[in-house]
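2 protein chains.
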Amino acid sequence: MRLSRYFLPVLKETPAEAQIVSHRLMLRAGMIKQASAGNYSWLPLGYRVLKKVERIVHEEQVRAGHIPLLMPTLQSADLWRESGRYDAYGPEMLRIRDRHDRDMLYGPTNEEMITDIFRSYVNSYRDLPLTLYHIQWKFRDEVRPRFGVMRGREFLMKDGYNFDLSKEAALHAYNRHLVSYLRTYERMGLQAIPMRADSGPIGGDDTHEFLVLAETGESEVFYDSEITDLKFGDREIDYGSVEQCQAVLEEFTSRYARTDETHDPALFDQIPEARRRVARGIEVGQIFYFGTKYSEPMGATVQTAEGGKVPVHMGSHGIGVSRLVGALIEANHDENGIIWPEGVTPFPCGIVNLRQGDGETDAACERLYAALTKAGLEPLYDDRDERAGAKFATMDLIGLPWRLTVGPRGLKNGVVELTSRRSGASEELAPEDAVARLQEIYAPHRALSASVPLPV
Amino acid sequence: MRLSRYFLPVLKETPAEAQIVSHRLMLRAGMIKQASAGNYSWLPLGYRVLKKVERIVHEEQVRAGHIPLLMPTLQSADLWRESGRYDAYGPEMLRIRDRHDRDMLYGPTNEEMITDIFRSYVNSYRDLPLTLYHIQWKFRDEVRPRFGVMRGREFLMKDGYNFDLSKEAALHAYNRHLVSYLRTYERMGLQAIPMRADSGPIGGDDTHEFLVLAETGESEVFYDSEITDLKFGDREIDYGSVEQCQAVLEEFTSRYARTDETHDPALFDQIPEARRRVARGIEVGQIFYFGTKYSEPMGATVQTAEGGKVPVHMGSHGIGVSRLVGALIEANHDENGIIWPEGVTPFPCGIVNLRQGDGETDAACERLYAALTKAGLEPLYDDRDERAGAKFATMDLIGLPWRLTVGPRGLKNGVVELTSRRSGASEELAPEDAVARLQEIYAPHRALSASVPLPV
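In order, the protein sequence lines correspond to chains V and A. Residue numbers for the first sequence follow my numbering, so the first one is 953 and each next one is one higher. Residue numbers for the second sequence follow my numbering, so the first one is 953 and each next one is one higher.
Quick caveat, the hints were computed from the structure, so don't treat them as lab data. Careful, some of the hints might be misleading.
Each pair may be met inside one copy or between any two copies, as identical chains are not told apart.
[Unchecked claim] Here are the simulated DSS-like pairs of lysine-lysine, each with C-alpha atoms no more than 25 Å apart in a straight line:
no., residue 1, residue 2
1, Lys-1364, Lys-964
2, Lys-1004, Lys-1326
3, Lys-1004, Lys-1183
4, Lys-1364, Lys-1004
5, Lys-985, Lys-1004
6, Lys-1119, Lys-964
7, Lys-1003, Lys-1119
8, Lys-1119, Lys-1261
9, Lys-985, Lys-964
10, Lys-1261, Lys-964
11, Lys-964, Lys-1183
12, Lys-1364, Lys-985
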């Protein structure tokens, strides 16, 4: 993409309304624009990041054997009356009346609707296990929306629902989700710690929240410092294996890690003092097992092998897709702007032309642009007639992890400069070597994408 | 995907509520489920088609140089008061009041919001031309929703908006959209005819609707039969060239083609009688030029080269993404079910195992499955323990364009059968030749996707 033809409205001033760094940087980098309280338009750069995050979530869900579908944003109130949640859910539910005076609502979550889909078609234990998920816009009418996309009203969420014959099978689905979430966050360059949590309006006994440590997090968290040394890494996992998934759950949840809602000071004090940590965290996902809470009142039953009828065991599992974009910035920035991890960067690299209009420099940039695009690494090419300083400042602000700087002096020696946004380190390379180097850097990310059939 | 692990709830009976064939087939093939009046859940198979259609639309928009972003589904009423449409828009607009008693609405279209984005950031003629688009869920509170996703309430639409300095420049954007739409529909295997139309609540003088001929279409259409011989084909086009885009517009719109809203019997009668056609059509897109209708009241102006300030010239351009899924079926089916064009099929091919449980047949199917998946052509493998007839009926119903039939008799001769859903013709091929053949069939579709950098 050529910057001269792009729509990247970066701001010089720091917007006064933004209280936290991710909100400030998303506004300054031209990623979002507030449309109304708590509702945002995703401008082109922000949209690219949102789609990258969404894609990783899709890929890891499909890898775990979960099946994508898509439910509408608006729901009929009748379904929620069946579960009893229509009256129980507070003012955060946006209630709507259509032209025929029917009660509807903008879905804040989809337990009822997915249970209705299940009960409409599935009757036999033979069709289990089944996990369906979607990534769809939700709405929660927050009384005080703030922190940009971190606590907005309209937000993009992946919510998945498992249907199993027994509690044991459903707990395996729970563990499978935990594993897939660990992989998902790590691919984005994030460490999200599973913490024992409170189930809130979803219900159920077993639940973990995934928290990214950040000073601006809304939750106070308490954990054993050993937990931050754990990495899922590139280990192979068989999602069908109860033992393997259970082992990962145990590895990642056996140490103390709780939010303030479930914090137990007595237990916490049993950790050696040097390992006790109190910090703040951003919730980026949550998994629940809630048994037959919805299947029983809504009649989602299956025939067993023995001929009886039993309500299915369910759980629901969410990842805050739009919120993750904010969380990623909270965890990856410096005083000059955003520092995108390679997995989610809107463009793999930027090209800065130090002397726009100079025939040789322009031609070298065009060749790089074409070579990178051909290699599937579409760069953002700053081809504006601007000072080098302004171009560098824009690149730093929007946070592309790699910058190629092209100028007459380097070209005389046959080199361009490849600079890491994170470390600031630069290296002079022949243009073709720079392309090869970037291909190498992005190869692991592309391999992960290629190793799962596209979800769509 | 293995059918035994998929969620494909096909129905044996024809649902009574469905009046048109696409609605019936989408229900029977397990593509959609009604969630409430006019609102549908896209079950896994339907979701895949929806995403394929969406992806082609994205690719052709990006190819034309248009920039994707994403606006929220809910909008503030204030913006619509600025343009005067809040009161003018009828009961099809879903009006919502939030917990703070603020008037909101579920966007039926986005002229106001995109104009607000534009005026917030763009001040100079230097930043023009600019075309922004998004693909987002919309809502129109139809008084009688019917025909499934063809006239639903919540629907997925691509809407794009061009901002130009002059009427001439805006008409080039109009023509560019017309060209990109022709390409878009043809990639899906659809012929959509641009017809002079009425602008309705969007406003403006220049507008064309794109109609797919189908007996069940809601519009009566009148056209010169020569128009159906036109093909955009694989011609190269420079979207920056005013002449090239203008020439395509003239080629495709110079013959008589109008909907009943703009039909002129006197003009129609000038066509030689043998070429006069009266038929029915489904609207799958519309383009508008409306000048300064929104930019003037909303103050979307730019500084000109001469220093003055002028309101920008705009147009808006829509493609009915979810509606296209229905239109595709109306145009591609027979008495046994759907016949997907290769460009939009949910799976490139199906594998039917004629003797599930037979070691050799199972192994041959698994090898085919792996080879096709590796080639990027993930098949739907019917690995259920069912009669061949039932498996064939399911494949015919869901309409995958190619079926591989694998059985002990063929395997004895080293062959499997490749059958075209459309022609019914079969061919016996060595398994590796069948894979190669499918790769060849899908190569043009993949080349079209690969020739544009991914939009996201």
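Each hint tested on the structure:
1. With identical chains, the CA atoms of Lys-1364 and Lys-964 are never at most 25 Å apart, being 34 Å at best within one copy and 73 Å at best between copies.
2. For the homomeric pair Lys-1004 and Lys-1326, the shortest alpha-carbon distances inside one copy (19 Å) and between copies (23 Å) are both at most 25 Å.
3. Within a single copy, Lys-1004 and Lys-1183 get their C-alpha atoms as close as 22 Å, which meets the 25 Å cut-off; across copies the closest is 35 Å, which misses it.
4. In this assembly of identical chains, Lys-1364 and Lys-1004 lie within 25 Å of each other by CA distance neither inside one copy nor across copies; the values are 37 Å within and 47 Å between.
5. In this homomeric assembly, Lys-985 and Lys-1004 come within 25 Å of each other (Cα to Cα) only inside a single copy, at 19 Å, whereas the closest approach across copies is 29 Å.
6. For the identical chains of this complex, Lys-1119 and Lys-964 are neighbours neither inside a copy (55 Å) nor across copies (32 Å), given an alpha-carbon limit of 25 Å.
7. Taking CA atoms no more than 25 Å apart as the test, Lys-1003 paired with Lys-1119 passes in neither setting, with 35 Å inside one copy and 34 Å between copies.
8. In this assembly of identical chains, the alpha carbons of Lys-1119 and Lys-1261 lie at most 25 Å apart only when taken from the same copy (15 Å versus 68 Å across copies).
9. When the C-alpha separation of Lys-985 and Lys-964 is checked against a cutoff of 25 Å, the pair qualifies only within one copy, where the shortest distance is 15 Å, while the shortest distance between copies is 49 Å.
10. With identical chains, the CA atoms of Lys-1261 and Lys-964 are at most 25 Å apart between copies only, with a shortest distance of 23 Å across copies and 64 Å within one.
11. For a Cα distance limit of 25 Å, the shortest separation of Lys-964 from Lys-1183 qualifies neither inside one copy, at 38 Å, nor across copies, at 49 Å.
12. For the identical chains of this complex, Lys-1364 and Lys-985 are neighbours neither inside a copy (43 Å) nor across copies (64 Å), given an alpha-carbon limit of 25 Å.
Violated hints for the displayed structure, listed by number in ascending order: 1, 4, 6, 7, 11, 12.
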